[in-house]
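Protein chains in written order, with our numbering: chain A, 28 to 460; chain B, -6 to 268; chain C, 639 to 893; chain D, 113 to 448.
Rather than coming from a laboratory, the hints here were simulated on the basis of the structure. The beta-carbon is built from N, C-alpha and C at its ideal position, and this holds for glycine as well. You may find that some hints are simply not true.
[As the list claims (entries may be wrong)] Taking CB as the label site, the calculated pair distances span: (1) C:N860 <-> D:E156: 33 to 39 angstroms; (2) C:K667 <-> A:S324: 36 to 42 angstroms; (3) B:G176 <-> C:Y714: 55 to 61 angstroms; (4) A:R215 <-> D:K184: 43 to 49 angstroms; (5) D:K184 <-> C:N860: 54 to 60 angstroms.
The chain contents come next:
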Amino acid sequence: MRKTCNFSIKEITKIEGHANLDVELKDGVVEKCELKIYEGQRFFEDMLKGRHFSQVPLIVSRICGLCNVSHLNTSIEAVENAFGIEASRQTNILRDLATNGEFLKSHALHLFFLALPDYLGRESVLEFNKEENKFLHWGLSLKKSGTDIIKLLGGRIYQTVSIRPGGFTTLPKKSQLDKCLPLLENERKTAINAIKLFASFSEKLSFERKTDYLALVDSNYSFVKGKLHFASGLVIEEEDMLKHVEEFIVPYSNAAQTSFEGKSFRVGSLARINLNQKALEPAAQDIIKGLGLRFPSDKIYYNNIAQAIELLHLIDSSIRLIKELKLEKEEMQKIKPKEAFGIGVTEAPRGTLYHQYSFDEKGFVKKANIVVPTNQNNHPIEEDLAEFIPTLLDLQQEKANLEIEKIVRAYDPCISCATHFLKVNWKNAKYNL
Amino acid sequence: MIIPEKPNVAEILSVSQDTSDTKTFEVEFSDKNLQKKFKFRPGQFMMVSVFGFGEIPISISSSPYKTNSINFTIVNVGNVTNALHKLKKGNKIGLRGPFGNSFPLQKFRKKNILFVSGGCGLAPLRSAIYAVREKKSEFGKVSVLFGCKAPENVLFDEELKQWQKEDFQVLSTVDNPNKTWKGNVGLVTALFKHVELPSKNTVVMMCGPSVMIHFSLIELRKKGFKDEQMFASLERLMQCGVGYCSHCNIGNKYTCIDGPVFNAKDLNKLPVKED
Amino acid sequence: MSAKKVKVGFFSLTCCEGCEFAVLDLEEKLLKAFDYLEIVESRVLMEKIKPEALKLDIAFVEGSVISKHDLNKLNYIREKTGFLVALGSCAATAGINGIRNALPKELQERIRQKAITPVKEKASPLSAFVKVDYILNGCSVNELEFLDFLNKVLHGVIPRLEEVPVCFECKLKGNSCLLLKGIPCLGPVTYAGCDALCPSQNVQCIGCRGFTKDANFKSLDNLLKEMDSGKKERYNFFTYFNQLPKELRHLRGEN
Amino acid sequence: MNYIIKKEDLPKFLEFLQKKFDQVIVPAKNKTDATCFQQYSGQELFLETRTDFSAKEFFRPAKEKMFSFKKKNSSFNVEPCFDTAKRVIFGIRPCETHALHALDVLFIKFFGEDRFYSIRRKNTVVIALQCSKACENGFCTSLGTSQATGHDLLFFERGSDFFVKVETEKGKELIDSKFFRHTSDALPSADISCKNSLDTEDIEENLYANFNHPVWKEESERCLSCTSCTQSCPTCYCYTTKDEFVFGSDTESERFRFLDSCQLKRFTEVAGNHVFRPSREGRLRQFVLHKLSYYREQYGVHLCIGCGRCITVCPVKISLVEIANKIQKHGLGAKK
Ligand SMILES: Cc1cc2nc3c(=O)[nH]c(=O)nc-3n(C[C@H](O)[C@H](O)[C@H](O)COP(=O)(O)OP(=O)(O)OC[C@H]3O[C@@H](n4cnc5c(N)ncnc54)[C@H](O)[C@@H]3O)c2cc1C
Ligand code: SF4
Ligand code: SF4
Ligand code: SF4
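Produce the entire structure from the sequences given, and follow the hints as far as they go.
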């Protein structure tokens, strides 16, 4: 790579969505590094205007194919919050379970199908050799342990249907849920192997940068409840997130970015374990110790290890939840709409997710605001790359590009989530969003 | 145990390409006994299976006096027929039948016969034509009318010529002629004026698209034909051939068991044209 | 099945990519299908496209056409492909993206001005621009329907889209009808094929598989009206995944 | 010979049956609160009135495998796949025993046996339950189907007991002295009176003669063509066959048959997209006429047994009784 050059990486692959990267390098210093997300915007926040609250979860779950349960849960939390509904204990447990299922699915897919080829030096999973093909089976069976749960609870894996404000429209039989246990038990081994596998790659991507982290912290490692912690020290209530996190538009990209006190911060698995390691299931904590892994960490590849550790945590926590669960028939709560305002914050597989709605007296949406994890991660990605690229000068351009993409992929960015929320600052008050 | 829905394996003996989208298959039951016992009457059809692709009703187009094999003439219009068209000599298919009623030829003794056909509707009539030809002395004069879209769609070209030589009156017409076409142009009904047969003592057998049948009946009535003299073979969706699936229901009749051949008098009572 | 592997590609325009992942959900069955398929392009799965390799037997395209970029890509795919399948409702009917098409004109115009990559006036299904050979509809697609499609296509059979409403499958599953319980449902006007997924979970069908041609919108609308569903609710309901049908123009108004 | 069994002993009786049969089928609620017939597994039974869905699933399933085809040495093995499970059905109502009778006529008696049906039928013992009150939309009394036929045992509700009438040898074998005791009491009354009534006089000819009556168009304007009527009807049997390759195989395929519905356009659609009965009006008429006219003319019994399910399940409240009565009253052939 020349010391002074402009280059761009077109269509970064093996990530969810479409993004380019433009870089201007001068005398070995990055002058410009722009992650250009050009995937067409879908304007979800505008599309939600005038829609009935009952439709909101169903529409927003279409924001992302991979983390639809997270969008569902978050929007449901916001709707219930607005109309003063308190979900029952059982409903909460089932929602936790569904969330676990989705994390399992999402992490397994990302680790084995998108990230692993990087570490094995293959172009794609389709080029794995016989020996490496076994990793695909690991990935698929881990994923299946998650999707089985989602399918049971939600009716289907993508765009689940039975998770609704007020409860579940149908409940599975306890015996059906119990049938998931053997597979989950069985997958513990695979998860442990996965952790070891990804830990063994630590040499391959050693980039490290000190930065801030944000995650929902709760003594049960809940993805739904808790307080928001910044690694730099601040602890805030869920609903105050936007009082501290500033969202801003970048002129070159279809996705917004965020900052906290003017600086970037990372979200996602790494942030969660950095901030809340002690709340992980015991087996997950043990293996961290056993392998001598050190959290908090600022190494970005640790994000993949963190995902693998979460796999084990998710399995154990799902087993516990299912075992403890006594499934009873429960009617859905009736919701009476009123003029109201509600916020929901949860952890999605890729990080903190924020939904906020205001409704009119009949329950139609007046205004919606959604902040997704990838918007938050885009900012640190750019800053990482600005530091990282100058270290690649001895590499050929093509090789360098690959290294750059690896960093981007380690974040598991979900562009299709990120682009659906173009923030528009209207001058005209009528459509002030 | 007889299972009416169970196909019997049969072998394709030969395939001939009649037109660009039509092939005639000569087949024989793999079970020689079955083939020996096999009998049918002109106008009947069989259920033809291409294993893995489906089963369709197809009329028998060969002579009822030819017993060592069965002929089907099939147009490639969809998935099963397309799969059939890919098969070659020696390939195996499934057969059930024969099903349905037939043209009541025994009642037509001493009568003149007018065949009216459109497109692959000539296939079932061909079987009847062969039957009449075999026992020529028992019948009166014979006219065969045939219509299709274009000259390249003309079926059994050689045979039409052969029949003509054997003093059947054979008239063909196409909708879209080309330069070399010497026959008539227009719908089959336009051929009626050339038919030499008197309306009295003549029976009509027809098979073709439903519009063709509809207008032929109207035109022939104008020429003095009585409904009792006219027979048409109808087409409907069929899944079983034995009255179980009800798809071919027209009014209180089933095309597969009460038909496919209907007397025009009965047709009047049926809601053939429903919309 | 022919000895030669069938070359397929997966492409995504603007959407959530859920459909491509739904297909991945076939798991071991999909791996088995790889015996017969050569995946030439799948951005989720692999690195850069190899343009010279791009001569496809089948292309599965998910997502709607929203930008010029989408359109160029779609035209390119069409050129290189024998059989183009619209995968999912975004590609088939514009799906959820189409909601934007019904927003007030002024708002739409402002959105367009502000967008960084030029956005087309409307979110459109693939068929608005190119010939689509087959539609696998649904949000997300039904993976079993996808498998069935593959199985047929590998044997040279082209399945056809039949005029069958969701209710048909709903009743086959022995569900009680939501309409009879006073809950609005789009089952009677929506293409079946999902195995009546939503009604089987006690959730109304919201029409994600597109409206049938045989749909009796007027009658269903009247029925919903009798169930005390207001004009705005009904408008909302019919336009979840589909453009408002002509017969129901009267529902459009101040929104 | 008549017997009595305590209602509280019913579960024990069903468990006893479970030992003798592969499947014990009972009426109960499903996940969506619809009532239907399902395998007994200790669940609460639904015995108030007839179920929403009929028991036809166990005679004419929605999807059944008919044959498996295996390619072998360039020929094919054709193997029929019969369902030979031994079943007992408890709690089917008198009207539905007539539905089975109507199907027997076509699938067993008329052309030779449809084995897929007849094997199931012959392997099933039918325990009918007499209705003690008329159901919502039923009109069995008009069609003479309120008394059971062709069943093996008949249960009557009587206070805290069931009164049991034995009809066949097969039924007799199930009378286990552990639960049943002999009785010489008189048979309880089986009379019910339906609110709905259908004028059946010359109904076959009259309906057919009124093929073009305006009522068809009027009613069909509301029709959603949702097929709920045909699917809930205990006698709707029309089917479509389909072949499918076993996934990933060149040599193995299977033939299935699926329940179809005349309310769908595809029911009469042939190659080239021609539909013989395209209009909603025609499709609705086909349903009513097949039930009340054609079948009787062909096979001597009505295909409608007056259970009223099609009326109950119709989201837009189209009623074949109303249509038929309207024609009987005002159509051609109406008695003045
Ligand atoms: C009594 C009778 C005799 C026939 N004789 C001949 C003949 O001699 N030669 C010939 O070429 N064709 C004949 N046909 C028409 C032939 O059956 C159809 O062309 C054929 O079924 C099309 O099947 P496909 O799978 O290729 O088409 P697709 O469009 O793929 O059909 C799908 C399914 O629909 C059904 N179907 C479609 N069209 C028809 C149809 N017209 N009639 C009945 N079922 C249909 C079949 O079950 C088929 O499997 C006859 C039809 C009938 C009813
Ligand atoms: S619930 Fe919906 S899909 Fe099911 S029958 Fe009723 S209207 Fe149709
Ligand atoms: S029931 Fe309706 S909304 Fe649900 S998956 Fe099927 S078509 Fe889509
Ligand atoms: S037509 Fe209606 S009333 Fe008659 S048997 Fe069928 S469902 Fe029952």
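Right, here's what the structure says about each hint:
Range check, N860 of chain C to E156 of chain D: about 37 angstroms between beta-carbon atoms, so the 33 to 39 angstroms window is met. Range check, K667 of chain C to S324 of chain A: about 39 angstroms between beta-carbon atoms, so the 36 to 42 angstroms window is met. Separation of G176 of chain B from Y714 of chain C is about 49 angstroms and departs from the stated range, judged on CB atoms against 55 to 61 angstroms. The hinted range of 43 to 49 angstroms is satisfied by R215 of chain A and K184 of chain D, whose Cβ atoms lie roughly 45 angstroms apart.
Separated by about 58 angstroms at the C-beta atoms, K184 of chain D and N860 of chain C satisfy the suggested range of 54 to 60 angstroms.
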